[in-house]
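Novice: Given chain A's structure and the hints, the job is docking chain B onto it.
2 protein chains.
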Amino acid sequence: MTNPILPVAQAARAAAARLARADRPSKDAALGAAAASLRARREEILAANAADLAAAPDLSGAFRDRLTLNAARVEAMAQGLEEIAALPDPAGRVLAEWTRPNGLVIRRVAQPLGVIGMIYESRPNVTADAAGLCLKAGSAVLLRGGSEGARSAAAIHVCIADGLRAAGLPEAAVQMAPTQDRAFVGAMLGAAGLIDLIIPRGGKGLVTRVMQEARVPVLAHAEGLNHTYVHAAADHAMARAVLVNAKMRRTGVCGATETLLIDAAIAPALLPLLVQDLRALGCDFRADARARAILPELAPATEDDFATEWLDAMLSIAVVDGVEEALAHIRRHGSEHTEAIITGDAAVAQAFLDGLASAVGLWNASTQFCDGGEFGFGAEIGIATGRMHARGPVGLEQLCTYRYQVLGAGQTRP
Amino acid sequence: MTNPILPVAQAARAAAARLARADRPSKDAALGAAAASLRARREEILAANAADLAAAPDLSGAFRDRLTLNAARVEAMAQGLEEIAALPDPAGRVLAEWTRPNGLVIRRVAQPLGVIGMIYESRPNVTADAAGLCLKAGSAVLLRGGSEGARSAAAIHVCIADGLRAAGLPEAAVQMAPTQDRAFVGAMLGAAGLIDLIIPRGGKGLVTRVMQEARVPVLAHAEGLNHTYVHAAADHAMARAVLVNAKMRRTGVCGATETLLIDAAIAPALLPLLVQDLRALGCDFRADARARAILPELAPATEDDFATEWLDAMLSIAVVDGVEEALAHIRRHGSEHTEAIITGDAAVAQAFLDGLASAVGLWNASTQFCDGGEFGFGAEIGIATGRMHARGPVGLEQLCTYRYQVLGAGQTRP
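Residue numbers (our numbering), protein chains in the order written: chain A, 10 to 423; chain B, 10 to 423.
Next comes chain A alone, as it looks inside the complex (with noise of 0.2 Å):
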């Protein structure tokens, strides 16, 4: 049987070879064209998404509301590609350049990437985003989204497809999944050589199957098990805002904060406060015993307490005796995602700084703030909880490998 993946990967290595060649101004017209798309073929997209709505009526009430589209979500789409045209362009950039005793001088400059898979679910924004920032990166991209949304998928790579003809770059830059066939995806994690790149967004099932089956380097969101650390020198109103922030602003998100870390000697007068702020927002709590010994009414916690990613209106509380202790409760059950620390003592705030593994660590602000927008990347295209390539946000330059130009003078080597 031939490999499915063939003849889309080679379509898509080809266009790639010339995306990464193709200047700024082709690329955001392209963008700019795909926009206008959007716009102009909403009916058409609103229309292939009622038929994907109405092909699932079983859907849970979430599920159903990140498959569904509107008017607004559709100018929201072609803003989102019209922002990414107004940044800069990663491709090209000069990353370090020196000069050898021998003349030689050696430039590290920024290179696109090639061709990159994406495996997501059902947010039909996810494709337009994805396509977006993959081709203003210089790369190709091979989506691949959930079966419930493929209509509302391929209405709106119509739109992108018209952006790439507008702007005389090739379709197959951006190309969708030939067949919503699990076999596909499979294929797809085993084409090493073919696909430079596998980013997963979408459930903890998705991403640990990816990142299990994958033969072809995945960037990923693992977990974000994430720590709020109150150190006995914080300031006591800032712990409370940051902390509501980082725990309720949204709960659902991948930067909430998860799990308080509060030191012995701030617990008795602050703990009580923290627990009645959050307490009012419908937060509920699991604490340790030395939390309960202050508030003997919070339920207690159990070892995968601390070990679980709540994603909801609780939080898991932990006693402890400074810095050291809590960076070690963070390296036993942390997923090395965003922790923070707040204190007003700026020696205590770096150590706990240096002494993290995490992607993201934060002196006196919400974990909350992990996020491409808010790093100033101008779009993500997701969060990764690995150690190679890039951590954290991922936007444009983390979209982008490297490579050396050496320019000599007719240099040999002894």
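Source of the hints: derived by calculation from the structure; they are not laboratory data.
Be aware that a few hints might be false.
Chain B is nowhere near these chain A residues, computed Cβ spacing over 12 Å in every case [unchecked claim]:
id, residue
1, G89
2, R160
3, L252
What the simulated footprint calls covered on chain B by chain A, stretch by stretch (three residues with Cβ under 8 Å from a Cβ of chain A suffice, anywhere in the stretch; the number is not a length) [stated by the list, open to error]:
id, region
4, 103-113
5, 244-253
6, 376-385
7, 390-401
The C-beta atom is built at its ideal place from N, Cα and C for all residues, glycine as well.
Specialist: Just chain B, lined up with the frame of chain A:
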């Protein structure tokens, strides 16, 4: 059955956490003490090496030479460790820093990778080099060398452990595989979450196995099918000197040129001189029809020849019509390692460099400059030919990842 990697990897992870926070003086002290121990234990090491050689009387000459140690080679290992100690600390460098409109200061900071698994063959010096580089980069390393050199590697490892102990660093920061059982290699390759990165170093068989089986990210050197393209505007003398160096300085290194591409406009005058120079040094040729029209005595090249990494005194030759045809040939047959153009035309040179996807592109210089030492990295653990994380020579900087440190004043996310 328990995973045999578990106790080793857990000790390595604990050591990595300590090493990541070790300051430069302790790491350099460990390297210096290990170098002193290599000198002090020279006779032990040479005796272990003699036992390795005696146990493998049937080794081929080249393999035997790679395995053999003598006083000078032990001294070279000791000096190698001292040179690594003299290099700047790659961890903790601030790679970028910016301030957001809300006042958050965001710093991207270099961070040790964690636990590195090194899988290599018979060269005993890899034990010292890899241990030294990983230690300086703040990562723990698990070394699994070939069975033929096991006694030599163990004797060298004793010296590294001496160094770690002398500096008060955990000995588990540098561990040898506890068994030569091949299943242990499989366990290393499958140790996702325990080992952060696998670096294979050895022949194509080893590297291919590692790349196919690993569930852990791999930084590997696959193949160096490198091209030197002599453009119509090349200086003849420069082209001759650079090509001789690129092909014949050392034919077995990964930066050696394997294929000459030469413009049709210059080939009748220059190709006979290039061939004459190389032939005088013992080089043989496989040429396409257009080259054979100029030099009919050259052996004809097949398609396969252009896809062959000779690693020997053999050169494939193709005549092309300009830079685009050269780039197309490289895209079709190359391995994205290292390519050079020889030309006096700066615009053509830039078009060539920009059109490459290869890790290293050179203008008017020998492809044999693809080397960490020549790039100024001080030392390299290998060359990477993939697209993720690091490309080209892998030195201390490339052995690091990064994280973000975000400094706030109580900011919450709207």
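Novice: Which of the listed hints are not met by the structure?
Specialist: 3
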